[in-house]
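A.B. asks: Spelled out from the first residue to the last, the chains are:
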Amino acid sequence: MKHKTFLWFVLPSATAMLLFIFLPLVSIIIQSVYVSHDQVIITVENCGPFGCRESTMIDQEATEALREGNPLGRFAGATTYLDRGHLAVTEVSEAWSASQNWRDFGSQMLNLPFYKALAFTLTYTFVVTPLVIIFGFMIAVAVNSALKNLRGPLIFISLLPMIINPLVGSLILFWMVDARGIVGAALQEFAGNPNLSIKASTPLMWIMLMVYGVWHSAPFAFIVYYAGLQTVNTETVEAAMIDGASRTQRIRYVVLPHLLPLTTFIALMQLMDNFRVFEPIVSFAASAHATSLSWAIFNDLGGETRQLSSAAATSVLTVAWIIVLLTPVLIRTWRDFGRK
Amino acid sequence: MSSVAHRKPVSLTIFLTIVLAGWVVLAAFPFIWTLWGSFKVEGDFFSKVDWAAALTGEMTTVETGGRFTGNGYEGAWIQEGFWRAAINSTLVCLFVVTISLTLGTLGGYALSRSPHQYAFWFLIIALVFRALPQITLVSGYLPVFFQFNMWGHLPTAIVVLIAINQPFTLWMLHSFFKNIPKDLDESAMVDGCNRFQAFRHVIIPVMWPGVITTGLFSFLLAYNDFAVTTMLLSQENQTMIPKIASFLGTTQTKGNVMFAVAAVVSVTAPIFVMIMVFQRQIVSGLTAGAVKG
Amino acid sequence: MYIWKKVALTTAFAALSGTTAMAACGIDAGRVSIVGNEFPAIHTVAKGAAACAGDAVDVKSNLTADHQKINVAGMQGNPAEYTTAIIANSSVVTLINEDVVRPLDDLVAAHGADIPKNQLITIDGKIYAVAFMANAQTLAYRADALAKIGMDVPATYEDMLAAAEKMRAMGVAENPVGGAYKAGWNLAEEFVNMYIGHGGEFFTPGTAEVAINNAQGVASLEMMKALTAYMNPDYLTHDSNATNAEMEAGNVMLMNMWGSRMGSLMDDEGAEAMVYENIKVGAPMTVAGGSTPATTLWWDGWSVAKNISDEDATATFIAMKNGTSPSILNDETMSQAVWMIDGYTPAPVNDGVFAAISMNAQPYPMLPFMGLLHTAAGDNIAEFLQGKESAEQALADIEAAYSAAAREKGFLQ
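Line by line, the protein sequences give chains A, B and C. Take 163 as the starting number for the first sequence in the working numbering and just add one per residue. Take 978 as the starting number for the second sequence in the working numbering and just add one per residue. Take 99 as the starting number for the third sequence in the working numbering and just add one per residue.
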């Protein structure tokens, strides 16, 4: 394809991404290396319905001049990236020299917000992604072997967890897993412990978030695999059979290689989506037990005073991590691309 | 598929049946529970005393006189004007799906036919774009949109949804077009068509299964979106999901929670219909190779 | 699309103007656009302001739980999308910090002579907002439960602990104490209350240096932890909605709750008669022998954007004044809040807030950097309550998190 034709074909799509993703990305990177100007604080008297009292406020006139000179704020370089809310280099090196052993060092690291969030985010990503793939595959095989007439309704039921909106779906799930909800009560019965409460226990909360993650994403893997199974070349399978291949061998050497590209695609999308886990933490009110990088961004932007630079720095770090995670998958894609 | 080659051992059949039965329960139960509960009052569905109240509906009988009540639906659709949000959602979905598919097919086709390295890097960069947390993007849009007086209007939200949906659409359609043999359009070009004519006359007729599948994912994204629509739309332009969130609000008004539950059920219904209608195409679309990496 | 939108708007206005005479507020022209939080009292105010809509007066509102995420951006443009923001004493400082609201002295002189003086919020001698409702967290209790254990209404948190212990021992309730302890904003608010009750100062006076890692800070956290022993084990996920629901379900006998939420506790909806008839409102409690109640006073009010034309500012001022005038009070709206509006008759549900005011409770600190401390506290107290770290460590974490944020925002060098 000629360069010029290619350009025309991708132009509309590229323009949309340039304007609404690339430019914001650039502005986020810029934002992350700037911080607010030094604020001049003055003591004033505030009055209201509850009387007057001494208080402080920002001297707008004094700050105005600084703002006019440089509306972006004060250039801070990597300061925000390195501060306690992010990579926390000072705190980490202190923890390193102060701690006696790995355990101690680990617990000090988990006291830092970024590493605490990262620990959950990575655990979540690496537990949920493979489980989604495995369950999606199993469901696809099971649906595929069901009676033909049943398959339609089965596909539709299987897609339900994906199509129910996560925000509102988890409102109901949140109630179902409460100690007095139907699932929570069933668990108590099952565990024989009437005081068992998922919402009060950190390990149970982690497990619940991951179970929810698998439940919510398995349909995506399922539908992709199901479609893939429809295209397994029957002739190859039969040929393999005539050659005396056992059932296991047929699956191992014919079906699985056929599904490998699909697995790449699912892994790519799921790694990315799981690394950005956020909605369940908010809907399940789990932030006392588990935080993620996306949640940290939400928290920075959600306070009374919004911490834009901090949120920007966390966003850039998130993107950097995702690139690292995707690299193996991307190298594979590159080989595929070269082959075509 | 019914040949002897595919007959399974009994143990495997049993195992698969168990997997399937377990999954059907897991997948459908929360929704059925919600559907049932949406006809109850809050005191029953969210009973702090006994979850079984949602089944027996004691408070529902006390408060409304019947075992089932349509109060949630009435409150959401009539009192709170949910229909307006439904119209907005319809508009948003319609435009997002058509426009992102148009852009996506053009781009995806070009990416699948270009032998040059930059096509690969284009895809990779699109993927990196997709990695950006949505919440960061949206907070970046706000000052600009307010400055240019674009905030609050449906077209703004539509354009944003199209843009952030492009990476996924491009990846999916690119893999799909890769599986349409090159000979098809190249022979048309030998016959004197230019690239666009070849695309129009040869590729468009055969691309529908893949496009429909991709379209379904675009639809779900636009339909279920909360992060973008809640921050970028003004109240009169709200779509359904932010509207449901507003039923919950910061301080819940009594009864409004059941509006949300009823609305959740209402929102899911059209998707049922869609899946039923497009069921075959979804699978056949993917079958034609939409997602072969 | 545009047409039906217009039709919908016109119908809405027609419905409103049915009760209020057209252009009753005396605005000729202008644009009024309200952004604010979403709860019934604010809906009432927005509706009252919308009554001023007319041929040349456009009134619209965007009431959403996300109002804090969009109000600054929405007022920074020129002209600003929002001409007024409904804010509280915690959030007005953000708008002043960002310099997006205008002093109202001229407008008050010209059009607001009849606004009672105590509704005007002045900062450094300039009026920045007009308050219309007050709020505070106070005690809510079950009279029958206290009668059963033979104890008086708790006046201090120590009394509350004693009563809770007795209720548990006598089998009145397993977890008799409630509290909005959801990690994040709610939990931090409880800490602010408790720390003020202990007589603590959040900052070194006149600076942005945080100073909570002290004896009062530790005592506050210890008291909070002592209370959680009597709460539902899920307390870290309970916001005020969930806590209220627990009380209505008859599980909670004593709790510290927002004055604005008492009305819904005491009405006959969602609870059994035995429960709602016995829910009573008490004064806020003190702690550790202090005289300042462990609570904060809040107001909600409105301010006017800076980046709008004077005509729009005038229209906004008059419309909002109308939205918070005695005309909005009726049987339905009367119980929605503790209104600071003439003609408001307090009901028993409001006793708590009035008690808080008469006990000289402190207002929530109106400091430019308080929001950062609040966020930092909300993120770091849960680990202490769960027993994962010491009180000193939790306080040190709050201070460190705050300091990092304050450096980014330029409050600390």
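Simulated from the structure, these hints should not be mistaken for lab results. Since the structure is predicted, the reported quantities are computational estimates derived from the model, not experimental observations. Treat the hints with care, since some could be wrong.
[To be verified] Cross-link-like lysine-lysine pairs, in silico, DSS-like; alpha carbons within 30 Å at most:
{"id": "1", "chain 1": "A", "residue 1": "K278", "chain 2": "C", "residue 2": "K323"}
{"id": "2", "chain 1": "C", "residue 1": "K158", "chain 2": "C", "residue 2": "K404"}
{"id": "3", "chain 1": "C", "residue 1": "K486", "chain 2": "A", "residue 2": "K278"}
A.B. asks: Run every hint past the structure and note whether it holds.
C.D. replies: Each hint, compared with the structure:
1. K278/A - K323/C: With Cα atoms ~23 Å apart, K278/A and K323/C stay inside 30 Å; holds.
2. K158/C - K404/C: 18 Å, holds
3. K486/C - K278/A: 13 Å, holds
Hint check: no violations occur; every hint is consistent with the structure.
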